[in-house]
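Residue numbers (the working numbering), protein chains in the order written: chain A, 1 to 117; chain B, 1 to 634; chain C, 1 to 485.
Calculated from the structure, these hints are not laboratory results. Mixed in with the good hints there might be a few duds.
Label-pair restraints from in silico Cβ distances [as the list claims (entries may be wrong)]:
#	chain 1	residue 1	chain 2	residue 2	range
1	C	Pro438	B	Phe66	40 to 46 Å
2	C	His276	B	Gly195	25 to 31 Å
3	A	Ala104	C	Thr297	41 to 47 Å
Note that CB positions come from ideal geometry on N, CA and C, so glycine has one too.
Okay, here's what each chain looks like letter by letter:
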Amino acid sequence: MDTAFPLFLMLLFAGGLAGAMLAMGEFIGPKRLTSIKLEPFECGSTPIGPGRQRFNVKFYLVAMLFIIFDVEVVFLYPWAVIFRDLGVFGLVEMACFIFILAAALVYVWKRGALEWE
Amino acid sequence: MSYIWLILLLPALGVIINGFFARWVGRRGVSWIGPGVVGLAFLVACRAFFDIWALPADGRLVEEVFYTWIGSGRFTVEMALQIDPLSVVMMLVVTGVGFLIHVYSVGYMHDDPGYTRYFTYLNLFTLSMLVLVSANNFLLMFIGWEAVGLCSYLLIGFWFERDSAANAGMKAFIVNRIGDFGFLVGMMLIFVTFGTLDFTEVFHAAPGALALGGPTATLIALLLFVGAVGKSAQIPLYVWLPDAMEGPTPVSALIHAATMVTAGVYMLARCSALYVLAPFALAVVATVGVATALFAATIGLVQNDIKRVLAYSTVSQLGYMFTACGVGAFGAAIFHLMMHAFFKALLFLGAGSVIHGMGGEQDIQKMGALRRHMPVTHVTFLIASLAIAGIFPFAGFFSKDEILFSAFASGHYGVWAVAVFTAFLTAFYMFRLHFLIFHGTSRVDREMARHIHESPRVMTRPLAVLAVLSAVGGFVGIPIIYGGNKIGAFLAPALAHTEAHAPHAGVGTELGLMAFSLAVAAVGIALAWRWYLARPEVPGRIAQRYRTLYRLLLNKYFVDEIYDDLVVRPARVGSEAVYQRFDLRVIDGAVNGAGALVRSFASAIRVYQTGYVRNYALSILVGVVLVMAYYLWL
Amino acid sequence: MNVAAINISLGGIGPLLILSATALVVLAIDCFWPSERRSHLAYVTVAGCLVALGATWRLWGAQEAVFGRMIIVDNYSTFFTGIFIVGTTITTLLSIGYTSRMGIDRAEYYALLLFATVGMIMMAQGLNLITIFLGLETLSISLYILAGIQRQRAASIEASLKYFLLGAFSSAFFLYGVALTYGATGSLDLEHITRAVGETTFASKPLLLIGVGLMLIGFGFKVATVPFHVWTPDVYEGAPTSVTAFMSVGAKAAGFGAFVRVFSISLQPLSPDWTHLLWLLAVATMVVGNVMAIAQTNIKRLLAYSSIAHAGYVVVAMVAASALGTSSVLFYLLVYTFMNLGAFGVVLVLGRQDEEVLAIDDFAGLGRRAPALAAAMALFMFALAGIPPTAGFVGKFYIFSAAVQGGFVGLAVIGVLASLVSVYYYFRVVVVMYFMEPAGEIPLAPRSAPATVALVIAAAATLALGLFPSPFITAASRSLVAVLF
């Protein structure tokens, strides 16, 4: 019970945050319903039509960028586990890592890879 | 002898200046620098000669190590020169004869647009040849060996606007590959056997490490001989040399007569310590040598191109030198090499002078009675012809007789008989050439006759110097008289001797043999006089009566055609499609069997280079399956 | 968890860090201060390379396993690092001018060159199969992009895609091989693998052999040995010439760097099981490479087949499997870097926009029109053919004498024969340059001073390594004395 309690707290907190965000969107957000907005959401592409149509290559670009950053962030977890053992060295190392990630993000941004048009 | 590096530096300077700074020194500068550096190198060689001479006979071996070239653990090769009687003699020949030919070239190539390129190549050749003859190990020698070959191809193809010249260059190149292969594999075998490539160490260790007549000694000797056969144009690889005459005539004189083609003989003499351990290899050398001598001489009988006659004569004389090596008389081979350098260079330069005076004509049937127009060329050419025919007291008499005597005295009577018969043929075809060019009635067309002129002095002076050498050069090796054979005694410490070579024939025999060969040569000359001057209708009648034989000789035994049929044509038929598809200008028309054969094979497997990724992946997969199969079932 | 046990040594991976940082700087400069002409990025790259070369120099003599035995710093890896960085420097110098003519003058080009070099260094410094695989992928991915960087040309894209597909294919084999080897020996650490193999404590011999065989295929693909060479001609032909030059020396050297460490050093106890296979591979590679080269009319394809043949010579040295053999690999790869980059460099310098000089016949008359360039090309051709006194000769001689000493006389003879065949097609280029009249005057590309410098360096090194090879041979053999195990 003692060990599981923080986990339970974590679950509660996460669920609460997600619920709160949805709720806030529901209450605060403006609502202008059009026929397009009422369609099922399909990440921006037309949901109805033949399946073998051409995709805009930008989807892949964004997907790739997402995957790369997503996977690299996973490295933070093992580091967090032995954070205390690694000490200052680990901190500096991770700072370098984050810096390189950030540099890559800046590069991608500056190059316009995040622009849709 | 620390100054010896100068002998390499001087021609190297010539290459650099003529090759890269010709614009600054101008044509005039090139004319001075090209021959000048070789002349200075000759002086260095002279100094080296006298310094070696001053040493006691058994101490005449100086090694100048510049630095360790390749060194790793037990395996070291040094960048070093070896100065001993053999290399000094070769240096003198290369720089001395080379200098005269450089000077001659100033006149001969005067109007050629590639003047500076020519002297760059020629200097580079001199440098390479000096590396070849003065190296102290096999590897460095191989550097020179390859480099002289390279210069030779460049100079054969010098007038590349002519298709035949470019093709001849390629032919020489490909034929020499076979020889190089022998040399390289032989070198590897030496390395495996002795663990070193240093001449002194190898030759010192040879008698202990190799059994007399054992398989290793024989194999090494034969492989090196394959290299020599390629470079020195012996049967069956001689075919490139006659075609090499496409190059400028002074090049033929320097590279394809006096120096480079004798590299094979030099190598055999240098490795005499190995050859004396391989009697079978020596027998092969003697057989190939004497067969080549005879074979080439018979072709020379009927050729009509002045340079081709001389080319076949060169092949034949090289055969003599190999014969000498084969009977164990390495000293005689080098002696003949030296004398041959004098008179054959003179013959080629004389021929060049004739061609120059005739405005490029090379067919001796269109010459005749030129002696009035070209007195200097005539006299010098006559001296050279007498020398090569072996008439006393000219240079060739002494050297050729020593070879004949060595063959006889060592019991090779068959070799001796063939060699004597070849001497007869030599005297005959040389004087046929001489009479047809300089005597008899003029067959020159009238238009041309008015323009015939003697060459300028820059060309005739080298002729005169070479004529003097051809006339009296032989006296460095007087036989019979005790101490007369100075060159033989000088070279002796650098060479090994076979047991069989101990001359057990008496003075009487030697005198008798001399008289006999002199008589044979005289008969040859007389016959040439009778057929070509006294009764000029005879040769035509004989050619008519023995038509088959005549055509066989005129067409050089159809060897080129045989090679063509056996190697080139089958390959070509098989790759007809490839020939249409790919540009083959480079090898088209060349006697280039190896290339064509390999090409057709290449086109066969080219099919599988489709360009489709799936096929490539399949290829990799097949490889994977093979590797797996290897591991699982083998 | 003890940090000290990891043995962190930033100095040990200094060259790697410097090159990575340089790549980031290059990208950053172009992001924040964009400009039309980007030759300054090339100079930044060269500067980074030179600093990294200095750092490499200081590593000479060091010998330790760092970063938890993932990375090893020894003379062997340092020697290779030196080769890679020199290759990258020369490639970058050659690229100036060429890249702008070809429309590939982008920051990414230089950054990817640097990242590829980082991958190469990881391959040479890897003491763990995972590190080697990481390096392999870093290198390969950079090269996939570089091959296709000339987006407007279909051939370039095609080369990139082909290389990518087949590269991924072979990487999979390699990775599977690594996994099986791990399964058999219980470790990815090369030293542990050696011990396991030496004491025959591995789980199952067939498992190990298949693992080793699959790794061999991965390396065989990277260094282009027959039958895993099929991609080479198409990719070399399609990729921009500067990238081809880079690939042909750097990627090959890196492939051999890892190949030799894994096989000749780590799997040495297993050599009876792989020597014969390599023997076959060497023969097939030399024969197919040289024979196919003869039929080529395109200079880049010719050089592609020639590079396959050269991989064959290096495998010959690996077969010899002696100290002499392995040090001859190092020396040969050093020599090969200079002479091959030089040959590609001449092709590249001659290339003009859209119409690169690609057919061998386009070299006709070069001997007269550009004597210095033609002389340089002739030198590189002679060196590749192994004609003395160039470095190529010494390198080949060294390899074949290693083979002979190792008792592989037959292999050496085949090698000599194959290289004699090769003289034919190299010499043909020389013949065309000097002995043939051009069909029409092809105007020369404008001179580029940095490219000239690069060519002079390559030519001087090709000659110097032929005339004074001793210090380098000594360095190469010393690289082995210090190998950890």
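Quick rundown of the hints versus the structure:
Here the CB-CB span from Pro438(C) to Phe66(B) is close to 42 Å, well matched to the stated 40 to 46 Å. For the pair His276(C) and Gly195(B), the beta carbons lie near 27 Å from each other, so the given range of 25 to 31 Å is met. Separated by about 44 Å at the C-beta atoms, Ala104(A) and Thr297(C) satisfy the suggested range of 41 to 47 Å.
Hint compliance for this structure: every hint is met.
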